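Work out the full structure, taking the sequences as your base and the hints as a guide.
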Amino acid sequence: MTTRPGLDQLGLSTGKKARLHRILHQHGLGNGTAIFLPYDQGLEHGPRDFFENPAASDPKYVIRLALEGGFNGIAIQIGLAEKFYWDYAGEVPLVLKLNGKTDIPGAIDPLSPVNATVRDAVRLGADAVGYTLYVGSPAQEHDFRQYLAIRDEARELGMPLIVWSYPRGTAIDAKGGKDSFYAVDYAARTASELGADVVKVNFPHPEKQAGAPAAYQAEFSSQQAISAVVKSANRTLLLVSGGERAGDAAMLEKARQSMEAGATGLIFGRNVWQRDHDESLRFVGQLRDILAKYPS
Amino acid sequence: MTTRPGLDQLGLSTGKKARLHRILHQHGLGNGTAIFLPYDQGLEHGPRDFFENPAASDPKYVIRLALEGGFNGIAIQIGLAEKFYWDYAGEVPLVLKLNGKTDIPGAIDPLSPVNATVRDAVRLGADAVGYTLYVGSPAQEHDFRQYLAIRDEARELGMPLIVWSYPRGTAIDAKGGKDSFYAVDYAARTASELGADVVKVNFPHPEKQAGAPAAYQAEFSSQQAISAVVKSANRTLLLVSGGERAGDAAMLEKARQSMEAGATGLIFGRNVWQRDHDESLRFVGQLRDILAKYPS
Amino acid sequence: MTTRPGLDQLGLSTGKKARLHRILHQHGLGNGTAIFLPYDQGLEHGPRDFFENPAASDPKYVIRLALEGGFNGIAIQIGLAEKFYWDYAGEVPLVLKLNGKTDIPGAIDPLSPVNATVRDAVRLGADAVGYTLYVGSPAQEHDFRQYLAIRDEARELGMPLIVWSYPRGTAIDAKGGKDSFYAVDYAARTASELGADVVKVNFPHPEKQAGAPAAYQAEFSSQQAISAVVKSANRTLLLVSGGERAGDAAMLEKARQSMEAGATGLIFGRNVWQRDHDESLRFVGQLRDILAKYPS
Amino acid sequence: MTTRPGLDQLGLSTGKKARLHRILHQHGLGNGTAIFLPYDQGLEHGPRDFFENPAASDPKYVIRLALEGGFNGIAIQIGLAEKFYWDYAGEVPLVLKLNGKTDIPGAIDPLSPVNATVRDAVRLGADAVGYTLYVGSPAQEHDFRQYLAIRDEARELGMPLIVWSYPRGTAIDAKGGKDSFYAVDYAARTASELGADVVKVNFPHPEKQAGAPAAYQAEFSSQQAISAVVKSANRTLLLVSGGERAGDAAMLEKARQSMEAGATGLIFGRNVWQRDHDESLRFVGQLRDILAKYPS
Amino acid sequence: MTTRPGLDQLGLSTGKKARLHRILHQHGLGNGTAIFLPYDQGLEHGPRDFFENPAASDPKYVIRLALEGGFNGIAIQIGLAEKFYWDYAGEVPLVLKLNGKTDIPGAIDPLSPVNATVRDAVRLGADAVGYTLYVGSPAQEHDFRQYLAIRDEARELGMPLIVWSYPRGTAIDAKGGKDSFYAVDYAARTASELGADVVKVNFPHPEKQAGAPAAYQAEFSSQQAISAVVKSANRTLLLVSGGERAGDAAMLEKARQSMEAGATGLIFGRNVWQRDHDESLRFVGQLRDILAKYPS
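Chains as they are written, first to last, in the numbering used here: chain A, 1057 to 1352; chain B, 1057 to 1352; chain C, 1057 to 1352; chain D, 1057 to 1352; chain E, 1057 to 1352.
Just so you know, the hints here were simulated from the structure itself, not pulled from any lab data.
Be a bit skeptical, because a hint or two may be false.
Same chains, same names: a pair is fine if it fits in one copy or spans any two.
Computed list of lysine-lysine pairs in BS3-like fashion (alpha-carbon distance at most 30 Å, straight line) [what the hints assert, rightly or not]:
{"no.": "1", "residue 1": "Lys1349", "residue 2": "Lys1139"}
{"no.": "2", "residue 1": "Lys1116", "residue 2": "Lys1287"}
{"no.": "3", "residue 1": "Lys1264", "residue 2": "Lys1073"}
{"no.": "4", "residue 1": "Lys1349", "residue 2": "Lys1157"}
{"no.": "5", "residue 1": "Lys1287", "residue 2": "Lys1073"}
Keep in mind that this is a model prediction, so the values were computed, not measured.
Below is the structure:
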């Protein structure tokens, strides 16, 4: 097992340390691990994602689910935060997602435009902000500039910055795809180089090698791959994303390997709230059982 | 017993509610009451306050005391927050005191100059800011203007504002003194009128009537006085200050009457850290026993 | 011997740590101690201070003296820094003094007005800035406000802030005077509470008790007094000022006691450059011999 | 003879050097010396100064005089610069005086308020700006702050800053007066400490010793005094002011001693334009004969 | 041997001179030469560059290597600087690289987007900033505009600006390629024309002439080529890049010829940290032996 660094070993400012301490040690299991509930799919994909479990269309339902499930935070866009977080303010940490986009235009050079500020997050009592960076997109020039302003404001206000580090674009597609080991590894490192406090990545698939650089053209187990990705993130805490809904056993095994690799935790949305209520909590209970084995 | 309002009945913004929720429900007894440890006397009175218990000269000792004693927050100036809070960031809520002064020049028109900003508080992960308002001082014009800027910045950033509402000046002296029922009652109302989220007052002495307006020239029990003061504060949560060190029985009775009156809690400094370590914790334990009887 | 804290124990930001590392470990003895050469007396007292050693009227002579004497830094005003530091840029650390005043008007409520900015200091490659705070002056309200802006800009730019913490005013005079134990102790604590990184104080005189608070009305050796002052400064590094020129033996004993107490070093101006050249270096050599015994 | 430093020995930025080069080497005698014509008395004293030679009431007359007399620059306020400099733009260097005041209110704590900016000076093609600093005034706090902004803007725009360094106020009066050796010496040093490029002072009177510090209570010749003053200004070029109109022989001897001491030149207004036209030019011719002996 | 200019001959401001003095005379060999360790490949190429020596994936390992190897500075991106430099702040100079990109999208018109500011560099105690300029890229219009802002901020803050001057794009490919004598020579001059303080170039290959302008279609030795390049950079100090890992003998000969030509030093990354630890230091020792022969 890779040793996960403590909050005092990450070069954090006082405010970032205070807020991450709250998230990691005063919510969820309180053992330094975390499971986040992302709920920005209403913007990213539209209401179609709620058809499987219509209750999940109601933000209030999902925030309550985060509380009931003992999540360490809920990641939402500004509109839902303004209208729904007051009821539960402080009860579950808020991660304000600062950018987002619809998936309507076919994006060959994706960029996620900013729709809220770090000041909004402070004002709403959030404990972190989220930013989607499309690593490998031809729009990286615009993306980096937009990101710089948010990184800087987050620094000034002591607000932890969680980067959704997503490989995207035709070049990524040509080099193994967005969840290849190469792409995920590069994405984790990019977030670290650009100053994320926490990075969210997909679980890497080492078998997707077509077109990837020579270094990745070899046999790697998925445990080796996720361990390398955590190492590439170095002092940036790493969260593994659930992505689209998949089989439970596979998801739990990914979770276990991630924690074994030294990840800080998980960020599972659709795999949670696309089930009915009790089933959601049962699945989260299984994830918590895994996290409980990796205290720091 | 006066009923203390819940956080959802105070007209709070989302950020203020989130932060007060943390203070009142995720620290201390977690029952909606609070006991704060103020530690700005090194600036207000100088090191002489530490001669009785030299260990208390060390900010680290005092922050640890706040943790060990289960306090809901520690109130310190910017310098100590910058240098000492990192070690315990998030473990005990920080109340950044934004103004303060030395007691060297004889102040007939006291004013407490600002030495830090609400942004500093946000940056350091504080859950509230403190401001000393000298009610009745001839300098009130300057004081109110300075206060306005802070109230406004606190509003913009969702930061709860605790006002140390202190009657001061020759006019106050001539009307019963700074801890008369009249003065304390007026101070509580003034903080409420000016937009404090929480007000810190001294315990009122209804027998100090000399020079006070006619309305206060009557028999009031101390329970009646503190009840009236809490009512004057209306939706501004009220904390009762310990002031200079005094006898334990008297302090505990004050605490009991305050909570009975509907106060949210206590803010005791010298009465706590001017004792030796174990004695401090024993006394705090007695205060907590009282608070435990007044959940909300 | 009190243990002096290392730079990694002071809650410093990266930039402040980098700059203090340079000053304390890459100049002078390089052992974590420091001796600074202050040279702002041309503004504070006028050219009369140079009559004893006319060569010292020339800033170039004094900067060279700092180099020859192995000083850890030279503290000058903006005008001299602009015109004279280029020649020796980087060879001896620059401490840009940001405020200052002439001593022409009789000051009963002294305030030292700002004449340069932290940006000036950055632009000139300085490793620290200096600010004179007149503790106890009735002008403290204005002083604190002016100081706040500088503290904040220094924080933003990672520039160490050295506070010349000088008790002044009629209230100080009435309580034992500007170099009483009471006054110096309070001054050290005030700088710490307000967020100085380094504080410069006069050596305390415990026998000056007339009018001081009761706590200081007792027998204290000068060693006890300076040790208490260093403790009051807690994580703020402490420098002892030489003040007006005095006898060598007394100065050296003060230096020894200061270092024994845990001070970081000395800041001696007139006691150095009011002598002729070789005599200056001989005296500095004696001071360095003392510092050499207190590495950290 | 003290050696006057060249422009390459003063720590000047490129723009300041370029503009001073124009003033000192492309106008007047072109030998590194200078004689300026100040013409701000219409504001400082009112039209009464023009009664002796009514022609001098017309700015056009005075600017032409500067051209005919071979002056190195003319110092005027913004209003005259806007209306009259266009006619002769570039023919004689413009020194835009940025502050000034009427002498109507009796000033015990004088301050000269700003009425133009360094940008105005750039816009008008000026080669320097002028600022009056009242050294020793109780208003120094305000003065220094106002001065800081101008010094900084002048630096950013590469504009030479000439400080009219004038001792003023009751404290100065009590220590020997505004043209005592003590006062002038301190004024020269103050300008240097605060970053003037050029300083304008009165000729010092060493016999005015009443109330001055001990160092100045001795026999000094006027040559010794002016030499000390030039030394106190160090790398700040020094101009000697003519002041009120006085006898020609005395003025010429002052000029000679000043240049002998290492001054850069003279700034003579009323002594020039309060005469009739031809007489003005005759007198200036005598001053130029002196300057011609001190090339650099 | 071409004579390398001293720091006082380069038209540097005080702050730039102070910081370059530190880099060139207080670190490394302290003889005016420099060897820098660039470590931004994690962003530029991704983690694949660390597969040869997995230890090099850890920024802490590489910063320690810079210390052990006696490097004059380490060039990293903001994220690594924030998280890893604190531990060694001031011990080895920091060059904050302000722009960078992933190599995922195929760039025919490369531009390196900015992700940090000169203020970040100041705040972190850096002694220089780095900027990649893609000379010849069709995106040069955007590049120059982006560069202008950084050059200006670097000037205002006295921060030396190191330009990674990289010929890139299809036009460069058609004229001899990115390391042709023509391309490198033009790149050195471009950085000088645009105001770089230091320029980093590849070693020129005079034999790559296909498509180059006529002037370069001749016999040049590599010594002649690098000498011409250093001359093209004039008062901009020149560093020669190691580029991809190559044979030791060839690298050492390039280094020798560069220093002989008047270069200030080397910037070698992969050639250093892609070896194992002891081998890295051995190779650096050989480079230092060369630099030792070219003091200034």
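Taking the hints in turn, this is what the structure says about them:
{"no.": "1", "hint": "Lys1349 to Lys1139", "verdict": "between (36 Å within a copy, 27 Å between copies)"}
{"no.": "2", "hint": "Lys1116 to Lys1287", "verdict": "between (37 Å within a copy, 12 Å between copies)"}
{"no.": "3", "hint": "Lys1264 to Lys1073", "verdict": "neither (37 Å within a copy, 45 Å between copies)"}
{"no.": "4", "hint": "Lys1349 to Lys1157", "verdict": "neither (36 Å within a copy, 38 Å between copies)"}
{"no.": "5", "hint": "Lys1287 to Lys1073", "verdict": "both (21 Å within a copy, 27 Å between copies)"}
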